[in-house]
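2 protein chains.
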Amino acid sequence: MEQKIPYKIYLSEDEIPTAWYNLRADMKKKPAPLLNPATLKPLTAEELSAVFCSELVAQELDEDTAFVAIPEEIRNFYKMYRPSPVVRAYCLEKKLGTPAEIYYKFEGNNTSGSHKLNSAIAQAYYAKKQGLIGVTTETGAGQWGTALSMASAYFGLDCKVFMVKCSYEQKPFRREVMRTYGATVTPSPSNTTEIGRKILADFPGTTGSLGCAISEAVEVATHTEGYRYVLGSVLNQVLLHQSVIGLEAKKALDKYGVKPDIIIGCAGGGSNLGGLIAPFMGEKLRGEADYRIIAVEPASCPSFTRGKYAFDFCDTGKICPLAKMYTLGSGFIPSASHAGGLRFHGMCPTLSELYDQKMMEAVAVEQSSVFEAAEMFARVEGILPAPESSHAIRVAIDEALKCKETGEKKKILFGLTGTGYFDLVAYEKYNNGEMGDYIPTDEDIQKGWATMPKVDL
Amino acid sequence: MEQKIPYKIYLSEDEIPTAWYNLRADMKKKPAPLLNPATLKPLTAEELSAVFCSELVAQELDEDTAFVAIPEEIRNFYKMYRPSPVVRAYCLEKKLGTPAEIYYKFEGNNTSGSHKLNSAIAQAYYAKKQGLIGVTTETGAGQWGTALSMASAYFGLDCKVFMVKCSYEQKPFRREVMRTYGATVTPSPSNTTEIGRKILADFPGTTGSLGCAISEAVEVATHTEGYRYVLGSVLNQVLLHQSVIGLEAKKALDKYGVKPDIIIGCAGGGSNLGGLIAPFMGEKLRGEADYRIIAVEPASCPSFTRGKYAFDFCDTGKICPLAKMYTLGSGFIPSASHAGGLRFHGMCPTLSELYDQKMMEAVAVEQSSVFEAAEMFARVEGILPAPESSHAIRVAIDEALKCKETGEKKKILFGLTGTGYFDLVAYEKYNNGEMGDYIPTDEDIQKGWATMPKVDL
Chain A
0 MEQKIPYKIY
10 LSEDEIPTAW
20 YNLRADMKKK
30 PAPLLNPATL
40 KPLTAEELSA
50 VFCSELVAQE
60 LDEDTAFVAI
70 PEEIRNFYKM
80 YRPSPVVRAY
90 CLEKKLGTPA
100 EIYYKFEGNN
110 TSGSHKLNSA
120 IAQAYYAKKQ
130 GLIGVTTETG
140 AGQWGTALSM
150 ASAYFGLDCK
160 VFMVKCSYEQ
170 KPFRREVMRT
180 YGATVTPSPS
190 NTTEIGRKIL
200 ADFPGTTGSL
210 GCAISEAVEV
220 ATHTEGYRYV
230 LGSVLNQVLL
240 HQSVIGLEAK
250 KALDKYGVKP
260 DIIIGCAGGG
270 SNLGGLIAPF
280 MGEKLRGEAD
290 YRIIAVEPAS
300 CPSFTRGKYA
310 FDFCDTGKIC
320 PLAKMYTLGS
330 GFIPSASHAG
340 GLRFHGMCPT
350 LSELYDQKMM
360 EAVAVEQSSV
370 FEAAEMFARV
380 EGILPAPESS
390 HAIRVAIDEA
400 LKCKETGEKK
410 KILFGLTGTG
420 YFDLVAYEKY
430 NNGEMGDYIP
440 TDEDIQKGWA
450 TMPKVDL
Chain B
0 MEQKIPYKIY
10 LSEDEIPTAW
20 YNLRADMKKK
30 PAPLLNPATL
40 KPLTAEELSA
50 VFCSELVAQE
60 LDEDTAFVAI
70 PEEIRNFYKM
80 YRPSPVVRAY
90 CLEKKLGTPA
100 EIYYKFEGNN
110 TSGSHKLNSA
120 IAQAYYAKKQ
130 GLIGVTTETG
140 AGQWGTALSM
150 ASAYFGLDCK
160 VFMVKCSYEQ
170 KPFRREVMRT
180 YGATVTPSPS
190 NTTEIGRKIL
200 ADFPGTTGSL
210 GCAISEAVEV
220 ATHTEGYRYV
230 LGSVLNQVLL
240 HQSVIGLEAK
250 KALDKYGVKP
260 DIIIGCAGGG
270 SNLGGLIAPF
280 MGEKLRGEAD
290 YRIIAVEPAS
300 CPSFTRGKYA
310 FDFCDTGKIC
320 PLAKMYTLGS
330 GFIPSASHAG
340 GLRFHGMCPT
350 LSELYDQKMM
360 EAVAVEQSSV
370 FEAAEMFARV
380 EGILPAPESS
390 HAIRVAIDEA
400 LKCKETGEKK
410 KILFGLTGTG
420 YFDLVAYEKY
430 NNGEMGDYIP
440 TDEDIQKGWA
450 TMPKVDL
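Residue numbers (numbering that gives the first Met the number 0), protein chains in the order written: chain A, 0 to 456; chain B, 0 to 456.
A few of these clues could be false.
Which copy is meant is left open, so a pair is good if it fits within one copy or across any two.
[Claimed, not checked] With a straight-line Cα cutoff of 30 Å, these simulated DSBU-like cross-link-like pairs (lysine-lysine) come out:
id : residue 1 : residue 2
1  : K128      : K94
2  : K401      : K283
3  : K410      : K283
4  : K317      : K29
5  : K170      : K428
6  : K3        : K128
7  : K128      : K93
8  : K40       : K27
9  : K446      : K307
10 : K250      : K3
11 : K357      : K446
Since the hints were made in silico from the structure, they are not lab data.
Full structure from sequences and hints, please.
Written out as structure tokens, the structure reads:
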């Protein structure tokens, strides 16, 4: 007899994965390496070690090892908020009247409010293990900064966060969460770094940018004894750590014999999507199973659907390595009116390569339709979703409605990366009917591309 | 061999209680009934039914039935966020270096952010079942209003929330969560009610009070066809619904053979504490087991520790029934500088009676020490606690530290009622070193008592 699927499938703590899965190991054609922007040669471990912890550099460069053991200290921390549940969206299915089965892997039940903590704790652990004093990073809206603050507090590391000045002022709540966890939060640009002082002199009154905050964080990390810089998305190491999402999700679904037909995730830098799909994509790469995999991006920042696959700078400040990725150009600036994250001009190289190999699809959605989906989901499933996650909800609903038309009983899995408790300004706009859609013109994208490195690679 | 206790003890969905437990059934001396303030006679079902749903009135008055079946519709909703975990605070124990075992029942993993949803969904269900159109209520900071909005959205009920005007303006985020769930949120006092217009005329520019918001909500409920008023604490029916907390907690601990020596909960109106202790207190009342039970209240609003046990109004507006309870007087106003909830001048009659019978203890704590405990807890346990819940954390830590002195391996259970994501203004004050303590003088309390009904009962 078929076992009734509960609302929430929880694994036991013993079932938390003991190893992360490195998707690249199963890719025949590997993603392109990061390049030194000065030499245009692949970055060496030595070069990377000036910026990142040694063990993270090793993870970054290792494209052959399929499984990397998760240290016990990290697993113990995971036990505080993991395994996260796979939820059967019975109420949403009923609301839609769809024959499809909808499942979501919910990563929001921790104080950072998202999946970011999965990698933050790993990066903090390796920093501590290397005997470092602290870490630096940048944050925009503050999700990643919060996660890193929590992880640093746990291991007793100092944590210096450069927060884009306009967010620092307009989003004081996440700032205070970080401070409660003992982090130093500095509005960027600041007077505490050379690059910050230069930017303040050149652009008095600027409210900052993520690119500028990255530059300050890297400067402090590379100029302060005992510090390294950490990053919350895009990198291979981050995708590795985030594979815990997909490994747990697959194990939970396997228990009930559920094989998803469609797997959906929102995509900004790619950390959540890369983590969620990891073991499924692994099976697909090895020819063991097939899944339809859909990346959802905002129509206002459509890297996959309208970008080009080329080497580009990862940051607007052009101090970071070159990465081969789907990109709108490092000079592309999504509309400030776009709510929530997913504002990165590029996409992580691993997912870019998989997209190029047609192993996954991508779709761009407009934010007013995303908030419509968010509102419906909140009302029937009881969780107020983050705007980022709601991109995946939108497409999951659309696919479920297609099943209603066709009568197909497809099984849909999507990633609910986090909660929207710190995004109420965006919800207020939506509630007041003031939310618009912002789609870049072809000219906007041409302008972004014009900022790409003028090298033939 | 003893089974290793996991970080989080989750029950399965099948283990969600099928019946709530009515503590009063096991009390030899029952709590005093609510009185009609005009006649000073116990309120009848008929009188109560003008304000509350019929089935809730029955629950309110029934002091004999020990177990009340939980309707399937409510259990299905519970499945979306319950069973909530009992967490073994391994990291906090380690940080404190205590031989004590610390456990907490965590009720914050739902969008309302607290245990309030347990009763909101029950009250919305009975309203729907009675064929009502909608419900009205008041809210201060917005926790209860959020829970009721979510519950109303689920059952398709209209929900009208009167939100104290200063909170409406200063805490826009919870307001927007309520609006996202489809509730109408009106700043109180408002022009939409007779009492609101009167108050606005008498006190132009007033920023409102909970008492005034209650009056408006009750007026709308009793003057609008198809509406009833609902309340989130103090009442017997609310304690009944909240017993799900304690029933789950006990079942989870029983699985691992853990019998708590000390049970700790914060106490404002008493809904969380009454729910958490229900089955344990039941055993104590029946002489089957003994537990030390501690209510924790803020030193700024010390109903148990400095109040008197007498009949008093439940609201500052003096329109609600008289209840026999530990009270500081309905005219007592806790300092506006006190952060978070637990500002009610009285205490629910059931807990008041149990306290009077010396079945439980009470302790008052100052808010700066509460936030110290909150910060420590957040850093090691990874959850940013609500200020209310942090009162219980404070005393749990104190008791664990006593065990460190004596070497006793006591088992401590406390209720972590919710998260502090909407209380960051208070955390900011604490982070900035601007948090003070506010202890009423004896004169303040005498003044509060002077507002009590002048009747000899």
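Verification of the supplied hints:
1. K128 with K94: Between copies only: 20 Å across chains, 49 Å inside a chain, cut-off 30 Å.
2. K401 with K283: This pair counts as within: shortest intra-copy Cα distance 24 Å, inter-copy 57 Å.
3. K410 with K283: For K410 and K283, only the intra-copy Cα distance (17 Å) is at most 30 Å; the inter-copy one is 49 Å.
4. K317 with K29: within (24 Å within a copy, 73 Å between copies)
5. K170 with K428: Close inside one copy (15 Å) and across copies (16 Å); limit 30 Å.
6. K3 with K128: For K3 and K128, only the inter-copy Cα distance (28 Å) is at most 30 Å; the intra-copy one is 44 Å.
7. K128 with K93: For K128 and K93, only the inter-copy Cα distance (20 Å) is at most 30 Å; the intra-copy one is 49 Å.
8. K40 with K27: within (22 Å within a copy, 83 Å between copies)
9. K446 with K307: Result: close within a single copy only, 13 Å intra versus 73 Å inter.
10. K250 with K3: Close inside one copy (17 Å) and across copies (23 Å); limit 30 Å.
11. K357 with K446: Cα proximity of K357 and K446: one copy only (27 Å, versus 75 Å across).
Violated hints for the displayed structure: none, as all numbered hints are satisfied.
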